[in-house]
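Chemist: The primary structure of each chain is shown beneath.
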Amino acid sequence: MSVVRRIWSLSVIPLASIVLALLVGSILIIASSPASQGSLDFFLPIRAYESLFEGATGLSFLNIEDDGVLAFGLSVDVERALRALTSTIVAAAPLILTGLAVGVGFKAGLFNIGGTGQVLVGGFFAALAGAAVADQPVPVAVTLAVLAGAFGGALYGFIPGALKAFTGAHEVVVTIMLNSLAAFAIVGLVNDVFKIPGPTFARTGNIGNAALPILFGRDGSLGVLIALAIVPIAYFLIYRTTLGFEIRTVGANPSAARYAGMSPRWLIVFTLSLCGLFAGLAGTIEILTLGYYPAVFGTTIGFAGITVALLGRSHPFGILFAGILLGGMRAGAPAMQIQADIPIEIIDVIQGLILLFLAAELVIRRLLRIRGESVTPGELQSVSRSYGEGSA
Amino acid sequence: MEFLYDLPVLGFIFQLAGYLVGAVATTNLAPQTLQLATPIALGALCGVMNERSGIVNIGIEGMMLTAAFAGFMVAVFVDEAMPDVQPSAFFGFTPALIIGVLAAVAAGMLVSLLHAWLSISVRADQIISGTVINIIALGLTGYLNRLIRPSGSAGTFNSFRPPQELIDLPVVGWIFRMFLSLGPISMSVIVLVIVLQVLLFRSRWGLRTRAVGEHPRAADTVGIDVIWLRYRNVVLGGVFAGLAGAWLTLEFNASFQNGMTANRGFIALAAVIFGRWTPLGAFGGALLFMFSEALGVAIRSNPPAGELGVWLSGVQSTYPSLYNNAFSALPYILTIIVLAGVVGRSIAPAAVGQPYVKEGTT
Numbered sequence: 001m002s003v004v005r006r007i008w009s010l011s012v013i014p015l016a017s018i019v020l021a022l023l024v025g026s027i028l029i030i031a032s033s034p035a036s037q038g039s040l041d042f043f044l045p046i047r048a049y050e051s052l053f054e055g056a057t058g059l060s061f062l063n064i065e066d067d068g069v070l071a072f073g074l075s076v077d078v079e080r081a082l083r084a085l086t087s088t089i090v091a092a093a094p095l096i097l098t099g100l101a102v103g104v105g106f107k108a109g110l111f112n113i114g115g116t117g118q119v120l121v122g123g124f125f126a127a128l129a130g131a132a133v134a135d136q137p138v139p140v141a142v143t144l145a146v147l148a149g150a151f152g153g154a155l156y157g158f159i160p161g162a163l164k165a166f167t168g169a170h171e172v173v174v175t176i177m178l179n180s181l182a183a184f185a186i187v188g189l190v191n192d193v194f195k196i197p198g199p200t201f202a203r204t205g206n207i208g209n210a211a212l213p214i215l216f217g218r219d220g221s222l223g224v225l226i227a228l229a230i231v232p233i234a235y236f237l238i239y240r241t242t243l244g245f246e247i248r249t250v251g252a253n254p255s256a257a258r259y260a261g262m263s264p265r266w267l268i269v270f271t272l273s274l275c276g277l278f279a280g281l282a283g284t285i286e287i288l289t290l291g292y293y294p295a296v297f298g299t300t301i302g303f304a305g306i307t308v309a310l311l312g313r314s315h316p317f318g319i320l321f322a323g324i325l326l327g328g329m330r331a332g333a334p335a336m337q338i339q340a341d342i343p344i345e346i347i348d349v350i351q352g353l354i355l356l357f358l359a360a361e362l363v364i365r366r367l368l369r370i371r372g373e374s375v376t377p378g379e380l381q382s383v384s385r386s387y388g389e390g391s392a
Numbered sequence: 001m002e003f004l005y006d007l008p009v010l011g012f013i014f015q016l017a018g019y020l021v022g023a024v025a026t027t028n029l030a031p032q033t034l035q036l037a038t039p040i041a042l043g044a045l046c047g048v049m050n051e052r053s054g055i056v057n058i059g060i061e062g063m064m065l066t067a068a069f070a071g072f073m074v075a076v077f078v079d080e081a082m083p084d085v086q087p088s089a090f091f092g093f094t095p096a097l098i099i100g101v102l103a104a105v106a107a108g109m110l111v112s113l114l115h116a117w118l119s120i121s122v123r124a125d126q127i128i129s130g131t132v133i134n135i136i137a138l139g140l141t142g143y144l145n146r147l148i149r150p151s152g153s154a155g156t157f158n159s160f161r162p163p164q165e166l167i168d169l170p171v172v173g174w175i176f177r178m179f180l181s182l183g184p185i186s187m188s189v190i191v192l193v194i195v196l197q198v199l200l201f202r203s204r205w206g207l208r209t210r211a212v213g214e215h216p217r218a219a220d221t222v223g224i225d226v227i228w229l230r231y232r233n234v235v236l237g238g239v240f241a242g243l244a245g246a247w248l249t250l251e252f253n254a255s256f257q258n259g260m261t262a263n264r265g266f267i268a269l270a271a272v273i274f275g276r277w278t279p280l281g282a283f284g285g286a287l288l289f290m291f292s293e294a295l296g297v298a299i300r301s302n303p304p305a306g307e308l309g310v311w312l313s314g315v316q317s318t319y320p321s322l323y324n325n326a327f328s329a330l331p332y333i334l335t336i337i338v339l340a341g342v343v344g345r346s347i348a349p350a351a352v353g354q355p356y357v358k359e360g361t362t
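Those sequence lines, one after another, are chains A and B.
Position 134 of the first sequence, counting from 1, maps to 134 under my numbering, and the rest follow consecutively.
Position 186 of the second sequence, counting from 1, maps to 186 under my numbering, and the rest follow consecutively.
Treat the hints with care, as some may be off.
Derived coverage of chain A by chain B (criterion: at least 3 residues anywhere in the stretch with Cβ under 8 Å from a Cβ of chain B; other residues may be distant) [unchecked claim]:
1. 27-39
2. 301-311
3. 319-328
Taking CB as the label site, the calculated pair distances span [what the hints assert, rightly or not]:
4. A:Gly198 x B:Ala305: 33 to 41 Å
5. B:Gln164 x A:Pro199: 44 to 52 Å
6. A:Leu59 x B:His215: 51 to 59 Å
7. B:Asn258 x A:Pro199: 23 to 31 Å
8. B:Gly22 x A:Ser255: 51 to 59 Å
Non-contacting residues of chain B with respect to chain A, defined by C-beta distances greater than 12 Å in every case (computed) [as the list claims (entries may be wrong)]:
9. Thr27
10. Leu118
11. Tyr143
12. Pro303
13. Gly309
Honestly, the hints are just simulated from the structure, not real lab data.
Think of the CB as a built atom: it goes at the ideal place given N, C-alpha and C, for glycine as much as any other residue.
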């Protein structure tokens, strides 16, 4: 099979899911247009998606005349496009990392739902380290803070990994519990121990020189470079090293791995720690951009990682594209809210719908008569099937 | 008895026990626990219905949230349509509230139907299906709530007031207070738990459900329609998630906020595991988890006397936020401990998570 056909067969179901999600989303937008616009507006989805696209890329292909008539016409403003594309890639960077945190787990037959907690712990560690080295020279401060964040995330991935490997506790439930636990513990620690006097709300100290340096545009920071560099590293690790081969073998068939002399236990611990490291880096980027850790730090990038991983078929390069796509949606959503008066939450609905259609791929296949490869990773079969085996 | 309090280390435990006996007898600790445990227990019943039939459900959170939203919106709508209705003296029933509860239950069943369809017919990964439900529920209710911006409210159900003589009875008075001074949904929980426990372990339906959850192939061989039974149980489980949602917006609060389930669905999941997939066990788990929460409130408003009180208030004044969060975090820690097999073992139905394909079909 030629490379093009192979890529097509891999991406046809994700693409169909995106299109279907946008279609269902537009039905929702039309149905709810009386509440937002005052009357039923069949062209609202076009305006909404156009402003979303424009917010994400800076390219506009619609002009809305004063009398409300829509006219097609591509207008390109290079400066605006660069600004919009920068914000897209900035929003995509953490999503790529949380996508890897889920996708690499899939490879080993593990479902890491703990991205949220690992993001929080990674960001928290980075904030504490950043505040401690705030006065060091920039390269030293940034390196130490990033390493601390990666370590924090890895540590929080190690816990469910070790519990799964040595007690059999299923990682899905354990990571869900750890997500809430991280939130409670960190709120308490920031409020009681690490709060600095001064600001009106509880937060940790300024990270000073540990702030990620801006490399391009208004906010294109080192974080983008970190995320983009991790993608080929993850690819190399999984598909080009012995360790990666062992990880994939454990995912495909744990008993075969054991008979071949591999140690599934240590591979589980290692893989979940690595997943945690990726998610921890995502949190690190968020916090080292914000400049401090606020006591209440709400983030949805952990859960979005599941959509990214499945949309990218848990392949590092697929995850890169999926992350950029969802990053674009996040970057463009504020423009859509302003221009088309549509609540920003529609983005979450569309993301959920994409995931819904990816999950229902059997139906899509029959509906559209397409023959692509299965989206749900085969390794995942053992995940849900082992759900009940916790501590058995 | 006082000398027990002075023992080293053990004394603290006796002091705590003494405090608990006093608090249960004189304060609202017991009814408050049962009240807070209501959505957890109902969500857990939903989880038991699903997982006993062999379907993993991590989407309880999303089911509850959708139901809470639908129930609230419908209740507000009905309330605006008939503004002159006086609430009944009995639990403060109004048509708006009752129709709201029905709408919440219908919404819970509808979302469960989606979960059933994805898990059973489409044979999608059941954990992904649950995640889909959680993400869409959060997004959709947030989107619609922002769009509609409901201004009114349909009020809430009232708690029942048992006769004072009953509460004042020695020794058993607190039990009446615990189970009777509650709203209608909270009060129904104990009945539902017992009914489901009996049905699951003493009825033909229960035997079939457990068979389908443990060994669907064997169940199929003896003529049980596995697919149909799983569908029915998952959708009926949605009734409980719907009631939990109704409790949030029609009994406990009189409003809807985005993401207001605040992880209750996940605590319910924990209660299912903690209770070893039985309704009574899950109810016990829900009570234990929320007792921790209620105890935190009770200690804050009415600190224990003696050494224990001094120690607790010392911790509280030095680490107020950590101290409060520790009570909320307890359910999650306990669940991890149980899952790790440190205290007893929790074994799930054997076929949970496995889609069923009838032999001879593909």
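Chemist: Between glycine 22 of chain B and serine 255 of chain A, does the beta-carbon spacing fit 51 to 59 Å?
Modeler: holds, 57 Å
Chemist: 44 to 52 Å was suggested as the range; check whether the CB atoms of glutamine 164 of chain B and proline 199 of chain A agree with it.
Modeler: This hint holds: roughly 50 Å between Cβ atoms.
Chemist: For the region 27-39 of chain A, count the residues whose Cβ lies under 8 Å from any Cβ of chain B; is that count three or more?
Modeler: holds (count 4)
Chemist: Does 23 to 31 Å hold as the CB distance between asparagine 258 of chain B and proline 199 of chain A, or does it fail?
Modeler: This hint holds: roughly 26 Å between Cβ atoms.
Chemist: Given as covered by chain B, does the region 301-311 of chain A meet the bar of three residues or more with CB within less than 8 Å?
Modeler: holds (count 4)
Chemist: Holds or violated: is the Cβ of tyrosine 143 of chain B farther than 12 Å from all Cβ atoms of chain A?
Modeler: Given that some Cβ of chain A is not farther than 12 Å from that of tyrosine 143 of chain B, nearest at about 4 Å, it is violated.
Chemist: Per the coverage rule (Cβ-Cβ under 8 Å, at least three residues), is the region 319-328 of chain A covered by chain B?
Modeler: violated (count 0)
Chemist: Does leucine 118 of chain B sit more than 12 Å from chain A, CB to CB?
Modeler: Check fails; 6 Å does not lie beyond 12 Å.
Chemist: So does leucine 59 of chain A sit 51 to 59 Å from histidine 215 of chain B, Cβ to Cβ?
Modeler: Holds: the Cβ-Cβ distance is about 57 Å, inside 51 to 59 Å.
Chemist: Going by Cβ atoms, does threonine 27 of chain B stay more than 12 Å from chain A at every point?
Modeler: Nearest chain A Cβ is 25 Å from threonine 27 of chain B, so the label holds.
Chemist: Verify the CB-CB distance for glycine 198 of chain A and alanine 305 of chain B against the hinted window 33 to 41 Å.
Modeler: Holds - the Cβ-Cβ distance for glycine 198 of chain A and alanine 305 of chain B, about 38 Å, lies within 33 to 41 Å.
Chemist: Against chain A, does proline 303 of chain B keep a CB gap of more than 12 Å to every residue?
Modeler: The claim stands: proline 303 of chain B keeps its Cβ more than 12 Å from every Cβ of chain A (closest is about 19 Å).
Figure legend: structure checked against the earlier numbered hints; hints not met, in rising order: 3, 10, 11.
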